[in-house]
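S.K.: Chains as they are written, first to last, in this note's numbering: chain E, 1 to 434; chain L, 1001 to 1469.
It is worth saying that the hints were derived from the structure and are not from the lab.
Some clues are possibly wrong.
Unchecked claim - Cross-link-like lysine-lysine pairs, in silico, DSSO-like; alpha carbons within 27 Å at most:
(1) E:K186 x E:K155
(2) E:K139 x E:K330
(3) E:K230 x L:K1335
(4) E:K392 x E:K374
(5) L:K1281 x E:K330
(6) E:K112 x E:K358
What the hints assert, rightly or not - For each label pair, taking beta carbons as the anchor points, the in silico distance ranges come out as:
(7) E:D354 x L:G1287: 26 to 34 Å
(8) E:P360 x L:V1151: 44 to 52 Å
(9) E:V326 x L:R1082: 53 to 61 Å
(10) E:T431 x L:G1039: 54 to 62 Å
(11) E:G291 x L:Q1403: 20 to 28 Å
(12) L:Q1403 x E:K417: 51 to 59 Å
(13) E:V326 x L:F1152: 51 to 59 Å
All of these numbers come straight from a predicted model, not from anything done at the bench.
All residues carry an ideal CB built from backbone N, CA and C; glycine is no exception.
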Amino acid sequence: MADKNGFFDLSKTTLTRRTALKGIAAGAGLALAPGFVRYSQAQSSAPIKIGFQSHRTGIGAAYGRWYEKTSAAAVKAINDAGGIGGRPVELVIEDDGTDPARGAEVVAKFAKQHKTDIVFGTLFSHVVIGSAPAAGENKIPYFVVSEGHHVASTKLNRYVFQPGITDVKSQIQSMAPWIAANAGKKVTQIFPDFAFGYDHRDYLPPALKAHGADVIAQIAIPPTESSFTKYFPQIPAETEVIYHVMVGPAVLTFVKELGEFYGSQRPQLFGFMDSLEATDINSPGLEFLDGSHFWEGSPRYAQANDSAAQKAYRAAVGIDDNGAAVGDPKDVSTASHMFGCWETLYVVKKAMEDAGYKGPEDRAKLVEATEALKEFAEGPEHPQGAKTFNGKIHQCFGIQNISKVEGGKLKVVHKTKIEDGLYEAEGDYTTQAL
Amino acid sequence: MKDHDAGVVLASATTLALLPTSAFAHASDRGHVLLLPTGYYIAGGALAVAVSFLVLALLPPAVLDNFWRRRLPLFTFGDAPRILISLISFAGFALLVAAGLFGSRDPLSNPLPLVVWTLLWAGFTLLQGVLGDLWSWLNPWYGPWRVASRVFALDTAKPPRLPSWLGYWPAFALFFAFAWFELIDPAPDDPARLAFAAGLYWLVSFTAMLAFGYDGWSRRGEFLTVFFSMVARFAPFERVDGRLGLCWPGAKLLAGEPLPQSGTAFLLLALSSVSFDGLSKTFFWLGLFGINPLEYPGRTALIGIGSFGLVLTFVLLAAVFALAVILGQRLAGDKHSFGEAAGLLVWSIVPIALAYHIAHYLTVLLVDGQYALVALSDPFALGWDLFGTANRMVEAGVVAGAQSAWWLWNIQAGVIIAGHVLAVLVAHGLAWRLHKQPSRAALSQLPLTLLMIAYTIFGLWLLATPTAG
Chain E
1 MADKNGFFDL SKTTLTRRTA LKGIAAGAGL ALAPGFVRYS QAQSSAPIKI
51 GFQSHRTGIG AAYGRWYEKT SAAAVKAIND AGGIGGRPVE LVIEDDGTDP
101 ARGAEVVAKF AKQHKTDIVF GTLFSHVVIG SAPAAGENKI PYFVVSEGHH
151 VASTKLNRYV FQPGITDVKS QIQSMAPWIA ANAGKKVTQI FPDFAFGYDH
201 RDYLPPALKA HGADVIAQIA IPPTESSFTK YFPQIPAETE VIYHVMVGPA
251 VLTFVKELGE FYGSQRPQLF GFMDSLEATD INSPGLEFLD GSHFWEGSPR
301 YAQANDSAAQ KAYRAAVGID DNGAAVGDPK DVSTASHMFG CWETLYVVKK
351 AMEDAGYKGP EDRAKLVEAT EALKEFAEGP EHPQGAKTFN GKIHQCFGIQ
401 NISKVEGGKL KVVHKTKIED GLYEAEGDYT TQAL
Chain L
1001 MKDHDAGVVL ASATTLALLP TSAFAHASDR GHVLLLPTGY YIAGGALAVA
1051 VSFLVLALLP PAVLDNFWRR RLPLFTFGDA PRILISLISF AGFALLVAAG
1101 LFGSRDPLSN PLPLVVWTLL WAGFTLLQGV LGDLWSWLNP WYGPWRVASR
1151 VFALDTAKPP RLPSWLGYWP AFALFFAFAW FELIDPAPDD PARLAFAAGL
1201 YWLVSFTAML AFGYDGWSRR GEFLTVFFSM VARFAPFERV DGRLGLCWPG
1251 AKLLAGEPLP QSGTAFLLLA LSSVSFDGLS KTFFWLGLFG INPLEYPGRT
1301 ALIGIGSFGL VLTFVLLAAV FALAVILGQR LAGDKHSFGE AAGLLVWSIV
1351 PIALAYHIAH YLTVLLVDGQ YALVALSDPF ALGWDLFGTA NRMVEAGVVA
1401 GAQSAWWLWN IQAGVIIAGH VLAVLVAHGL AWRLHKQPSR AALSQLPLTL
1451 LMIAYTIFGL WLLATPTAG
């Protein structure tokens, strides 16, 4: 399974979505396989049970599917290498329907009924926010992969962690130096008129200011809008960069109409891949994006200089060079976010092993061991790149990618530094009682 | 959760709702449809329905009637295997309920939700519409009922009758409960929850069948049988006295007896609930209640609005339908009672209901149908591979991207338009049964045709307008 560099090479094995979900049955089967790493170090070979709060249905289902694929691949890789502390890992999936109230029920169910060791995997912010109190009440560590600033804001509780994906505040802030230096000094923001857009509205201007650039206009678009031409005259003529973060089904229409408005003479365009996750950038209507730039968490397209770890990760999850499912080229992944599932599971492994975790009675020790983590080196466990972790705010900080749309692909032209995205901690979870 | 705790959670959730959030409402496949010239399709669809009405008005009714009456006999077969098939179906159902209780918690890995919602509700309805009444053989009650009747020596020849004043109201109420569970309940896909609901429903229906006879309860109480047998009337297959024959699609609807008011209401509810499923996800509907579709709050938060909408769409459709029938009667100087006219003309709703069903569930069928194939091979998540499909790759890409969106849109629009054209055709034939004078028959159809044109526009708009998710 490991190549000469010591990286997991799963490209030659067939990983189906079910493989890692077989749980106990699969764990037992693997343990008997000849030549397989035996779970010998463990006092108990009972599996570590990870409750996967999954957006299987509801508005988040497209993301949920890829989160599930990535998590299943990570669990397989972890199990193939001996599991956590010598014990196999089992994912127990419960669907939260992308529904905050249901999310809270699911967390309680994991704690009380399935008795999982932790809860993991939530993406949508409102589900995280709705579920976090249940994690706190049940004193069960809750590892989310949401990118929201809610964990780092320290307004949740001590049991909630986001160690596998940088939060949106840090992402936005780290875009500023590059935008100011390379795209332009006069920036107009176009964003949907609700919380998601407000993150960009609030965090970008001060970050740009610090690098000598200015937001000269902010255009908030009502979320139910499906035609945008009437808003474009509000873009000041001197605009050098349009910073756009539209989301929802009307994104294609937005880009198309922006193209019709500007023709070939346009300012620089800078967007966030959140707008086009799981969507082919070569779709009709998106032609206008050619030559524009995007934030990407982890690159969708394979890059010429991809590390061996990145290659192994892509092969393990089953995404091709265009970031779509191997064997199903129209099924475009959510590459900018789903790597966080992989990395979070490796953080859980590290923290459990550091804590000498044996079972639910050690959950408090697991919280403290996670808080004690400082940094994660780039490699098979963290293929997206190196990260630091702030145990006080339970949030990791990693590098971000800026990619240019070129020839129908996204080519990474800049990688930010971790320092670009650091900000002052807004609180300290470690002062809360366990 | 204790009430006190719930209060604390609610309070903290309210505070936290003010936190900045990330949103992932993605540029879904509806985004590609938004770029298609759907307006032309809507106009074209409305025109097609209107033109078919005009053409029919000009054709001599006898020509049409002769056309509809044509049958092509195929072969004869008996009812003997029916008990066995139903018993096998019951065994399968029992296994599925067990899988729901003890198998994977993941609704896309557990076969129960996939079979109930995808294969049975979305898929089997389509089969009934195409192949005829397979359900009367495949339902999981007939076989067990026959066995139980034999064991308990029940008098199956003369069971106590379900009071006739009840009409189809038991089926109506149960269908409403089913639609509510499917569309409004927070977690109808949850395997255990669904196992309880489906198991309980089987038991209640079985008990009712023991009490009122299989035919008595399944014709007016068991909503699936009522729904499926109505849909099967559209199919181009007919079986009379054991002999199977071919007929024109929809021809059997023309021979339908007038439904009582409760039966009329049932058919209209079947159409309105599928319509509401589409409507409830549109930006338009969510916007009416100040809900941001890009920050869709989840099903729990929408229980009140959803329940209201489910009732509202039924009431609106029933009112508009009744109005169209009354106006038609006035225009034609009709002497039939309103109930009789409505009960007969409502059969023309079947092709529309079927078309909505196909158009609405097409993508679900294409993707979740694949998950169902995988799950069925390993119903208890024990690593089995019963049918060799356990490791089959699920290709979600079949419905993704601009090209798929174009194909899907064209199929959906084609089905919606064809369904309405057929509905006009059926309504015309039914009207001729009420009015022997062709000009009166045509005149009586004018308001109903307007309703069908409006519903064509509505159906296409539902598929073209921005939606959440």
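S.K.: If a hint holds in the structure, say so; if it doesn't, say that too.
M.R.: Each hint tested on the structure:
For the suggested pair K186 of chain E and K155 of chain E, the alpha carbons sit about 34 Å apart, so the restraint of at most 27 Å is broken. About 41 Å separates the Cα atoms of K139 of chain E and K330 of chain E, which puts this hinted pair outside 27 Å; it is violated. Using a Cα cut-off of 27 Å, the hinted pair K230 of chain E and K1335 of chain L is violated, with the two alpha carbons roughly 56 Å apart. About 11 Å separates the Cα atoms of K392 of chain E and K374 of chain E, which keeps this hinted pair within 27 Å; it holds.
This hinted pair checks out: K1281 of chain L and K330 of chain E have alpha carbons roughly 24 Å apart, not beyond 27 Å. Restraint check: the Cα-Cα separation between K112 of chain E and K358 of chain E comes to about 18 Å, which is no more than 27 Å; the hinted pair holds. For D354 of chain E and G1287 of chain L, the Cβ-Cβ distance of about 50 Å falls outside the hinted range of 26 to 34 Å, so the restraint is violated. Roughly 49 Å separates the CB atoms of P360 of chain E and V1151 of chain L, a value that falls within the hinted 44 to 52 Å.
For V326 of chain E paired with R1082 of chain L, a C-beta distance near 46 Å fails the hint of 53 to 61 Å. Checked against the hint of 54 to 62 Å, the C-beta distance between T431 of chain E and G1039 of chain L comes to roughly 59 Å, which is consistent with it. A beta carbon spacing of about 24 Å between G291 of chain E and Q1403 of chain L agrees with the range 20 to 28 Å that was offered as a hint. In this structure, Q1403 of chain L and K417 of chain E break the distance hint of 51 to 59 Å, their C-beta atoms being roughly 41 Å apart.
The given range of 51 to 59 Å is respected by V326 of chain E and F1152 of chain L, whose C-beta atoms sit roughly 57 Å from each other.
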